[in-house]
Amino acid sequence: MSEILRITGLTKKYGTLFAINDLSLNIEKGNVFGILGPNGSGKTTTLSIVTGIIHPTRGSFQWFGENPRPSSYQRIGSLIETPHFYPYLSLYQNLQLVSKIKGIPLKEINHVLGITNLLARKHSPFITLSLGMKQRLGIAAAMLGSPEVLVLDEPTNGLDPEGFAEVRELILQEASAGKTIILASHILDEVEKVCSHVAILKKGKILTSGKVHELLLKDDLVRITTIKSDELYEALIRGGWTKTIEKEKNEIRLTLSSDKSPGDLNEFAFKNGFVLDKIEVLKQSLESQFLEIIK
Amino acid sequence: MKKLLQIELIKTLNNSTFKVILVLHFILFLLLVYVSTRIDLSVPGFSTQKMFMFPNVWPLFTWYASWFNLLFLGIIIIILTGNEFSFKTSRLMITNGLSRNEFLLGKGILILLISAWGLLLVFLAGSVTGFIFTEDFSLIKFFENTSILLVYFVQAIAYMCLALLFSTIIKSNALSIMMYLLYFIMIEPIFRLFLPKLVRPYFPVKVISGLTPVPEFLSLASDKSFISTNGQSQLDLESIGILPKAIPLNTSLILTLIYISLFVIASWYIVKKKDL
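Heads up: the protein sequence lines correspond to chains A and B, in order. In this text, residue positions in the first sequence follow the working numbering: the first is 1, and each later residue adds one. In this text, residue positions in the second sequence follow the working numbering: the first is 296, and each later residue adds one.
Simulated from the structure, these hints should not be mistaken for lab results. Wrong hints could be hidden among the right ones.
[Stated by the list, open to error] Keeping only pairs whose Cα atoms sit at most 27 Å apart, straight-line, the calculated DSSO-like set for lysine-lysine is:
1. B/K501 with A/K100
2. A/K13 with B/K383
3. B/K567 with A/K100
4. A/K228 with A/K260
5. B/K298 with A/K134
6. A/K100 with B/K568
7. B/K436 with A/K102
8. A/K102 with B/K297
9. A/K228 with A/K247
10. A/K134 with A/K205
11. B/K466 with A/K134
12. A/K205 with B/K298
13. B/K298 with A/K122
14. B/K501 with B/K383
15. B/K383 with A/K134
16. B/K314 with B/K298
17. A/K13 with B/K568
18. B/K297 with A/K107
19. A/K243 with A/K278
20. B/K466 with A/K122
21. B/K298 with A/K107
22. A/K100 with B/K314
23. B/K567 with B/K297
24. A/K122 with A/K102
25. B/K567 with A/K13
26. A/K13 with B/K297
27. B/K298 with B/K568
28. A/K193 with A/K211
Make a model of the complete structure from these sequences and hints.
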């Protein structure tokens with residue numbers, strides 16, 4: 001795994017306020033890295049610094065293992081905050097500018113306008129677009145020339161539910177093509193569905209970071225229904241299978257110990273003569289965990 | 296370089312504000328030229344028509360055009376550069392891999408192009424008017440004093456570089472334009488008054504606007520030629536006290552080039568340090 005982005009001790013102060021404070025992160029090739037945090041937690045500031053538009057007060061960052069140069073940014077597609085385009089230029093002309101800077105053939109423009117459903121508005125001035133369309137053009141510009149790295153700051157901002165799903169699908173496609181994606185979001189659901197890694201930010205500091213399924217999803221809730229629920233309930237407690245367990249009529253609700261999987265549980269029940277009518281794994285609500293973490 | 300030129304052309308040629316200002320500049324300049332040539336005041340020995348003959352037409356028209364440099368060309372640069380910061384389109388440039396130096400260089404290319412356009416306009420207007428009014432045309436007369444066109448070109452660059460500096464310092468376009476104009480007509484002139492006479496002529500506005508001084512209408516309109524071969528007027532209006540004492544043209548040119556460098560370096564430093 002090669003390192004794409006390394007952030008070391010990054011700090012940005014506005015007056016006496018720390019927008020971000022001593023932030024460090026490593027993002028490796030192929031990661032879909034979510035930066036999750038409530039509004040004002042420093043997500044946009046962090047991404048603005050690593051894309052070169054604002055200067056850090058302290059600290060440094062490296063792209064592709066070297067100090068950032070303008071040419072590093074030609075390998076990155078980014079959408080920071082809201083999309084900023086020339087209002088009087090058409091979508092095509094705006095993307096033409098991006099192509100010229102990055103040295104991308106102009107024929108790629110139609111491709112990205114196509115995948116973001118903007119082809120019909122190709123020659124409209126940017127200013128005539130709706131909010132959702134502007135956002136989609138931002139995504140189109142970021143994806144132009146199929147860069148190795150995508151930096152997306154709240155890409156689904158202002159999109160309708162359909163647009164939401166489309167953008168998510170696009171991100172997943174890019175990720176499966178081996179692209180590195182850095183995604184800032186305040187929407188847990190989004191991070192959970194698309195990211196492999198996550199860092200949770202609060203007031204400019206990283207509270208925790210790691211793989212999404214380890215960090216946020218470790219305690220899945222398992223629901224079992226069986227006729228002999230009392231006996232199974234006892235057996236599970238005695239066998240040390242659970243972290244938490246409760247029983248209501250024929251249904252047992254539990255969270256498994258970290259070394260056990262729902263499959264193990266099924267096998268154990270079967271071998272001990274319990275027939276399970278139902279076994280169901282419920283992903284624990286991220287919402288509650290997230291709120292817990294940022295409290 | 297070619298890349299930067301293409302980018303700037305896409306951005307400016309499609310900008311309607313830019314087009315309107317350039318068209319206004321074109322129309323108003325030609326209108327001023329036309330109207331002034333219609334004025335026909337003659338007393339024995341003097342005729343306004345003489346002002347439009349070669350080589351007198353050059354200092355006259357460059358003086359006209361210098362007002363347009365200040366008003367139109369400087370303001371175009373403030374609008375084009377200021378918009379990059381206020382619409383945050385500078386972000387589009389930087390995040391896609393243009394360096395801040397290249398970004399500024401693009402504006403430099405634009406300044407050169409616009410100056411060249413201004414130069415072309417003065418040259419064409421001067422040539423046509425000169426041909427119409429000059430009775431005994433000769434190439435020597437045509438080329439006499441044309442060096443002032445080059446001076447005009449440098450002046451246009453200087454005005455626009457100062458405008459560039461204002462647009463990088465001040466966030467709001469309206470305020471930049473106001474401060475830029477106020478600096479010319481009030482701030483520097485008033486500031487100069489508080490300083491000793493010796494240093495007054497060396498301030499940027501004084502030096503830059505002095506490149507195309509108010510023509511000596513008396514000598515231009517006179518039958519006799521008061522302009523000697525070295526370009527200096529023999530009718531010394533300065534010593535009579537009609538015109539203020541000016542610094543020599545060569546010194547002004549060198550000082551202007553120094554001021555241009557200072558404006559560019561200051562803009563470069565500000566853009567380098569700026570959070571976009």
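Check the hint pairing A/K100 with B/K314 against an upper bound of 27 Å on the C-alpha distance. Roughly 23 Å between the alpha carbons, so the hint for A/K100 and B/K314 holds.
For the pair we were handed, A/K122 and A/K102, check the Cα-Cα distance against 27 Å. Holds - the C-alpha atoms of A/K102 and A/K122 are around 20 Å apart, at most 27 Å.
Would the hint linking B/K298 and A/K107 be met if the CA-CA limit is 27 Å? 17 Å, holds
Between A/K100 and B/K568, does the CA-CA distance stay at or below 27 Å? 25 Å, holds
Taking 27 Å as the top limit, are the C-alpha atoms of B/K298 and A/K122 close enough? At roughly 23 Å apart (the allowed maximum being 27 Å), A/K122 and B/K298 satisfy the hint.
Tell me if the straight-line CA distance from A/K228 to A/K247 falls inside 27 Å. Roughly 12 Å separates the two Cα atoms, so the pair holds.
Regarding the pair B/K297 and A/K107, is the alpha-carbon distance no greater than 27 Å? The given pair, whose Cα atoms are some 20 Å apart, holds under the 27 Å limit.
Straight-line Cα separation of B/K567 and A/K13 no greater than 27 Å? Holds, at about 18 Å.
Would you mind confirming whether the straight-line C-alpha gap from A/K13 to B/K383 stays at or under 27 Å? 21 Å, holds
Within a Cα-Cα threshold of 27 Å, do B/K314 and B/K298 meet the stated pairing? Measuring from Cα to Cα gives roughly 22 Å; hence the hint holds.
Below or equal to 27 Å on CA atoms is what counts here, so check A/K228 against A/K260. Since the Cα atoms of A/K228 and A/K260 sit roughly 22 Å apart, the hinted pair holds (cutoff 27 Å).
So if I understand the rule, the pair passes when the alpha-carbon distance is 27 Å or less; does B/K567 with A/K100 pass? Answer holds: B/K567 to A/K100 is near 22 Å, not above 27 Å.
Going down the numbered hints, you'll see the structure goes against 1, 7, 10, 12, 14, 20 and 26, while the others check out.
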